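Visitor: Keeping their order, the protein sequence lines are chains G and W.
292 is the number that this note's numbering gives to position 292 of the first sequence; each next residue is one higher, with no gaps.
300 is the number that this note's numbering gives to position 300 of the second sequence; each next residue is one higher, with no gaps.
In case anyone wonders, no lab produced these hints; they're calculated from the structure.
Do not rely on the hints blindly, as some may be mistaken.
Which copy? The list can't say, so a pair holds if one copy fits it or any two copies do.
[As the list claims (entries may be wrong)] Simulated crosslink set (DSSO-like; lysine-lysine; CA at most 30 Å straight-line):
no.	residue 1	residue 2
1	LYS433	LYS228
2	LYS85	LYS436
3	LYS199	LYS228
4	LYS251	LYS437
5	LYS122	LYS176
6	LYS85	LYS365
7	LYS436	LYS176
8	LYS107	LYS122
9	LYS199	LYS251
10	LYS433	LYS85
11	LYS437	LYS122
12	LYS439	LYS107
13	LYS319	LYS251
14	LYS310	LYS439
15	LYS437	LYS310
16	LYS433	LYS251
17	LYS228	LYS319
18	LYS85	LYS319
19	LYS433	LYS176
20	LYS107	LYS310
This one's a predicted model, so the numbers in the text were calculated from it and none came from an experiment.
There are 2 protein chains.
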Amino acid sequence: MTKETKDEAQTSVTLVAQRARVAARALARLPSECRTEILMAAAQTIEDAGNEILEANARDCRAAETSVAAGSMSSATFARLRVTKQGIAQMAAHVRGVAQLPDPLGKRLAATELDDGLVLYKESCPLGVIGIVFESRPDAVPQVAALALKSGNAIILKGGAEAAHTNEALVSVWRKCLSRFPSVPQDSIHLLLTRSDVKDLLEQDRFVDLIIPRGSQAFVRFVSQNSKIPVLGHGEGICHVYVDQAADIEKAIAISLDSKVQYPAACNSAETLLVHEAIASEFLPRGIATLRNAGVEVRVCARSRALLGKDGSLEATEKDWETEYSDLILSVKIVSNLEEAMAHIHRYGSGHTETIVTENAEAAKQFLDEIDAAGVFHNASTRFSDGFRYGFGSELGISTNKLHARGPMGLEGLTTYKYKLYGNGQTVAAYAKGEKKFKHRRLE
Amino acid sequence: MTKETKDEAQTSVTLVAQRARVAARALARLPSECRTEILMAAAQTIEDAGNEILEANARDCRAAETSVAAGSMSSATFARLRVTKQGIAQMAAHVRGVAQLPDPLGKRLAATELDDGLVLYKESCPLGVIGIVFESRPDAVPQVAALALKSGNAIILKGGAEAAHTNEALVSVWRKCLSRFPSVPQDSIHLLLTRSDVKDLLEQDRFVDLIIPRGSQAFVRFVSQNSKIPVLGHGEGICHVYVDQAADIEKAIAISLDSKVQYPAACNSAETLLVHEAIASEFLPRGIATLRNAGVEVRVCARSRALLGKDGSLEATEKDWETEYSDLILSVKIVSNLEEAMAHIHRYGSGHTETIVTENAEAAKQFLDEIDAAGVFHNASTRFSDGFRYGFGSELGISTNKLHARGPMGLEGLTTYKYKLYGNGQTVAAYAKGEKKFKHRRLE
Chain G
1 MTKETKDEAQ TSVTLVAQRA RVAARALARL PSECRTEILM AAAQTIEDAG NEILEANARD
61 CRAAETSVAA GSMSSATFAR LRVTKQGIAQ MAAHVRGVAQ LPDPLGKRLA ATELDDGLVL
121 YKESCPLGVI GIVFESRPDA VPQVAALALK SGNAIILKGG AEAAHTNEAL VSVWRKCLSR
181 FPSVPQDSIH LLLTRSDVKD LLEQDRFVDL IIPRGSQAFV RFVSQNSKIP VLGHGEGICH
241 VYVDQAADIE KAIAISLDSK VQYPAACNSA ETLLVHEAIA SEFLPRGIAT LRNAGVEVRV
301 CARSRALLGK DGSLEATEKD WETEYSDLIL SVKIVSNLEE AMAHIHRYGS GHTETIVTEN
361 AEAAKQFLDE IDAAGVFHNA STRFSDGFRY GFGSELGIST NKLHARGPMG LEGLTTYKYK
421 LYGNGQTVAA YAKGEKKFKH RRLE
Chain W
1 MTKETKDEAQ TSVTLVAQRA RVAARALARL PSECRTEILM AAAQTIEDAG NEILEANARD
61 CRAAETSVAA GSMSSATFAR LRVTKQGIAQ MAAHVRGVAQ LPDPLGKRLA ATELDDGLVL
121 YKESCPLGVI GIVFESRPDA VPQVAALALK SGNAIILKGG AEAAHTNEAL VSVWRKCLSR
181 FPSVPQDSIH LLLTRSDVKD LLEQDRFVDL IIPRGSQAFV RFVSQNSKIP VLGHGEGICH
241 VYVDQAADIE KAIAISLDSK VQYPAACNSA ETLLVHEAIA SEFLPRGIAT LRNAGVEVRV
301 CARSRALLGK DGSLEATEKD WETEYSDLIL SVKIVSNLEE AMAHIHRYGS GHTETIVTEN
361 AEAAKQFLDE IDAAGVFHNA STRFSDGFRY GFGSELGIST NKLHARGPMG LEGLTTYKYK
421 LYGNGQTVAA YAKGEKKFKH RRLE
């Protein structure tokens with residue numbers, strides 16, 4: 001790209017961002033019922049435009065088939081790209097689901113009477129403009145559009161090139177729906193098309209409040225390192241199941257199995273099984289046999305190997321403890337006690353989700369209190385760490401950041417708050433001089 | 001610095017950060033009473049070591065006097081550096097105040113029964129390790145140390161070189177106090193000494209969770225741009241007073257005056273006065289006269305100038321609207337209506353604090369709802385935007401970020417949360433297969 005065309009592209013993304021900012025101010029003014037109504041209408045519009053969307057998707061799929069044949073696209077990526085009739089129905093159902101969630105805006109988070117006639121409220125409000133950069137999966141479009149609109153935010157989307165026609169169709173359907181509501185600017189949703197747009201988008205810190213990257217870890221890292229705007233992204237998921245000395249063996253087997261095999265590609269699936277030495281000889285042979293029967297490749301530490309003999313398990317190396325397999329592979333380590341298990345988790349874990357299997361309430365309490373992770377579980381599969389399962393209705397991703405949003409991120413992650421202060425002419429000078437004193441009475 | 005010595009320094013800061021991380025895990029385990037008790041003891045230790053601290057400060061002040069004489073230090077900076085006997089008492093009082101604040105940890109933020117015997121809690125917990133980089137003002141040391149310890153966080157401090165002896169004395173007093181509590185690691189507080197340490201600190205994203213820069217805007221910007229760790233900092237403060245058509249003139253004068261002159265160097269003081277055209281001829285002559293009597297230099301827009309004639313006011317230019325004077329200077333602009341006032345604020349404001357003076361409840365509601373700022377006030381001085389005045393007991397700074405913490409940041413800004421899930425062997429497979437269904441019942 002020449003310098004000149006680059007400047008043009010930059011200008012066009014700046015313009016998009018600027019218009020999204022203006023739209024966001026209008027969205028923030030919409031009453032709750034209106035936002036719900038628009039989402040219900042959008043769901044209907046998606047159903048009505050089903051054929052249009054399927055045709056656009058068919059074009060993307062034809063191009064993708066060539067890529068799969070040429071070996072430049074995996075069949076998994078291809079599967080995620082395809083939209084079916086049932087998929088359209090699911091998109092609409094999802095949007096209706098978000099429509100019916102409680103309003104995340106205007107919630108009173110705190111109220112304090114600072115003094116007579118001087119009352120402070122802390123109230124939730126939209127962030128403003130959200131940039132979302134995602135790979136394949138066109139169903140992300142109605143999903144994030146619904147979450148953003150429900151929370152009064154404008155969005156700028158950039159999807160993968162392989163889904164360009166599908167994404168364009170979905171965004172144009174959405175804008176068509178918005179055009180029927182005079183108080184809602186169509187600029188509330190924008191689709192960026194080229195890869196270079198992403199870099200330009202990450203520069204728009206004047207107009208964009210948050211960037212959410214959805215995709216591979218490498219992709220999330222790229223976005224984080226190149227953005228002037230705050231980024232909240234899916235982090236790494238190196239999750240552990242710790243089978244304590246006082247574990248119930250049946251629960252330990254069921255939870256290990258579910259945490260690993262129920263959906264191994266998910267970030268909340270387990271990568272390492274830690275086993276207390278006192279229960280290892282009882283648990284490990286059965287546990288490993290069950291996992292291996294389910295197709296899991298097991299890699300064990302030296303102590304496990306000594307215990308199990310040559311049972312077909314591979315040897316785990318240092319690298320295994322720090323690897324997110326995202327596959328049917330599990331590393332296994334025997335630890336001497338709870339402390340060693342927690343130290344291992346703090347050293348190698350990614351702060352995503354950690355579970356302890358035990359019948360000892362004290363051990364559970366210590367684990368849940370002391371482990372520094374977004375999710376700390378007792379006698380439950382790591383796979384429960386998910387916005388839908390948590391009851392958030394929908395999820396934008398799972399954050400392993402500690403600031404703003406931690407763990408599964410729903411509507412609340414798209415809001416901030418403001419302090420509203422109501423007075424009747426008060427000045428600070430009166431308090432500074434001691435003529436008046438603050439009361440600071442908490443109101444409910 | 002040679003490559004080799006640079007590596008050494010880096011290693012030493014890494015070591016400090018690593019030890020702080022270990023200390024943070026121990027701090028997170030301390031019960032509430034224990035954290036309170038340590039702070040009460042620290043306050044006492046500060047009083048007991050008063051002479052030691054004053055002597056160290058005298059050494060810093062002697063060096064600083066030379067700098068002031070040589071013109072390399074402003075007398076304002078010198079004034080902030082000096083610690084008096086009364087200052088020692090204030091430090092101790094401040095630490096006691098923080099000790100007595102409600103515990104910010106272990107607060108139940110949400111509770112949901114996902115299904116029978118599967119209960120999810122969202123609970124507040126410490127962030128971990130906080131890095132604080134500040135300029136002069138040694139009283140920041142006990143202040144942030146108290147806030148960090150109260151919220152179960154370890155801290156790494158880096159103060160200005162001019163206050164090195166004072167800061168060292170304060171940190172050593174604090175560590176001496178901690179040494180009397182066997183369950184509390186002294187590594188909970190660290191002081192870094194050299195300027196190069198700052199850059200190294202900003203690299204420690206493995207061990208440090210948050211960086212708080214306190215100082216000039218240029219300094220905050222430097223830290224933000226050079227940190228791999230999330231930064232929460234004082235932002236710019238371009239605050240406005242909008243005098244609406246329906247304003248009470250007395251309130252408008254009092255609030256304009258207080259917002260500008262009560263402490264002009266503060267970020268929450270006003271820089272621009274916006275005046276509705278319908279009230280301008282009644283309000284402006286008196287308002288400006290009052291401001292000028294208080295020593296304020298007034299810079300007016302063309303419309304004001306036409307109205308006021310040659311009253312001694314200077315002419316405001318575009319640059320004035322975007323300037324944080326931090327001084328006894330105020331720009332004045334006449335606007336045609338509320339919308340124009342809000343558009344001006346959104347264009348030039350920094351999202352810090354904005355106030356409307358009006359007796360019209362509807363105009364106030366619109367202003368407070370629509371203005372996108374951390375603080376939106378009705379008939380109150382912008383100077384109320386402050387952690388102490390808000391009733392937070394203490395303040396780490398005022399954030400103009402929208403993520404994590406917005407506005408005055410107290411103890412809550414130093415916490416995050418985790419999700420604790422209690423089950424009895426549940427697996428996700430049972431829900432995925434439809435054998436079980438989530439209840440998602442909100443508990444209180």
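Visitor: For every hint, state whether the structure bears it out.
Guide: Taking the hints in turn, this is what the structure says about them:
In this homomeric assembly, LYS433 and LYS228 never come within 30 Å of each other (Cα to Cα): the closest approach is 43 Å inside a single copy and 43 Å across copies. Proximity of LYS85 to LYS436 under the C-alpha cut-off of 30 Å is restricted to the inter-copy arrangement: shortest distance 27 Å between copies versus 68 Å within a copy. When the C-alpha separation of LYS199 and LYS228 is checked against a cutoff of 30 Å, the pair qualifies both within a copy, at 10 Å, and between copies, at 19 Å. In this assembly of identical chains, LYS251 and LYS437 lie within 30 Å of each other by CA distance solely across copies; the values are 19 Å between and 59 Å within a copy.
Neither within a single protomer nor between protomers do LYS122 and LYS176 lie at most 30 Å apart by alpha-carbon distance, with minima of 36 Å and 39 Å respectively. Within a single copy, LYS85 and LYS365 get their C-alpha atoms no closer than 47 Å, and across copies no closer than 46 Å, so neither meets the 30 Å cut-off. Taking the shortest alpha-carbon separations for LYS436 and LYS176, neither the intra-copy value of 57 Å nor the inter-copy value of 39 Å comes in at or below 30 Å. In this assembly of identical chains, the alpha carbons of LYS107 and LYS122 lie at most 30 Å apart whether taken from the same copy (8 Å) or from different copies (18 Å).
In this assembly of identical chains, the alpha carbons of LYS199 and LYS251 never lie at most 30 Å apart, being 48 Å within a copy and 48 Å across copies at closest. Taking CA atoms no more than 30 Å apart as the test, LYS433 paired with LYS85 passes between copies only; the shortest distance there is 22 Å, against 71 Å inside one copy. When the C-alpha separation of LYS437 and LYS122 is checked against a cutoff of 30 Å, the pair qualifies only within one copy, where the shortest distance is 21 Å, while the shortest distance between copies is 36 Å. In the homo-oligomer, the alpha carbons of LYS439 and LYS107 lie at most 30 Å apart both inside one protomer (24 Å) and across protomers (24 Å), since each shortest distance falls under that limit.
In this assembly of identical chains, LYS319 and LYS251 lie within 30 Å of each other by CA distance solely inside one copy; the values are 28 Å within and 68 Å between copies. For the identical chains of this complex, LYS310 and LYS439 are neighbours neither inside a copy (72 Å) nor across copies (45 Å), given an alpha-carbon limit of 30 Å. Taking identical chains as interchangeable, the C-alpha atoms of LYS437 and LYS310 are never at most 30 Å apart, the minima being 77 Å within one chain and 42 Å between chains. In this assembly of identical chains, LYS433 and LYS251 lie within 30 Å of each other by CA distance solely across copies; the values are 19 Å between and 65 Å within a copy.
In this homomeric assembly, LYS228 and LYS319 come within 30 Å of each other (Cα to Cα) only across copies, at 25 Å, whereas the closest approach inside a single copy is 33 Å. Taking the shortest alpha-carbon separations for LYS85 and LYS319, neither the intra-copy value of 44 Å nor the inter-copy value of 57 Å comes in at or below 30 Å. With identical chains, the CA atoms of LYS433 and LYS176 are never at most 30 Å apart, being 59 Å at best within one copy and 37 Å at best between copies. Taking CA atoms no more than 30 Å apart as the test, LYS107 paired with LYS310 passes in neither setting, with 60 Å inside one copy and 49 Å between copies.
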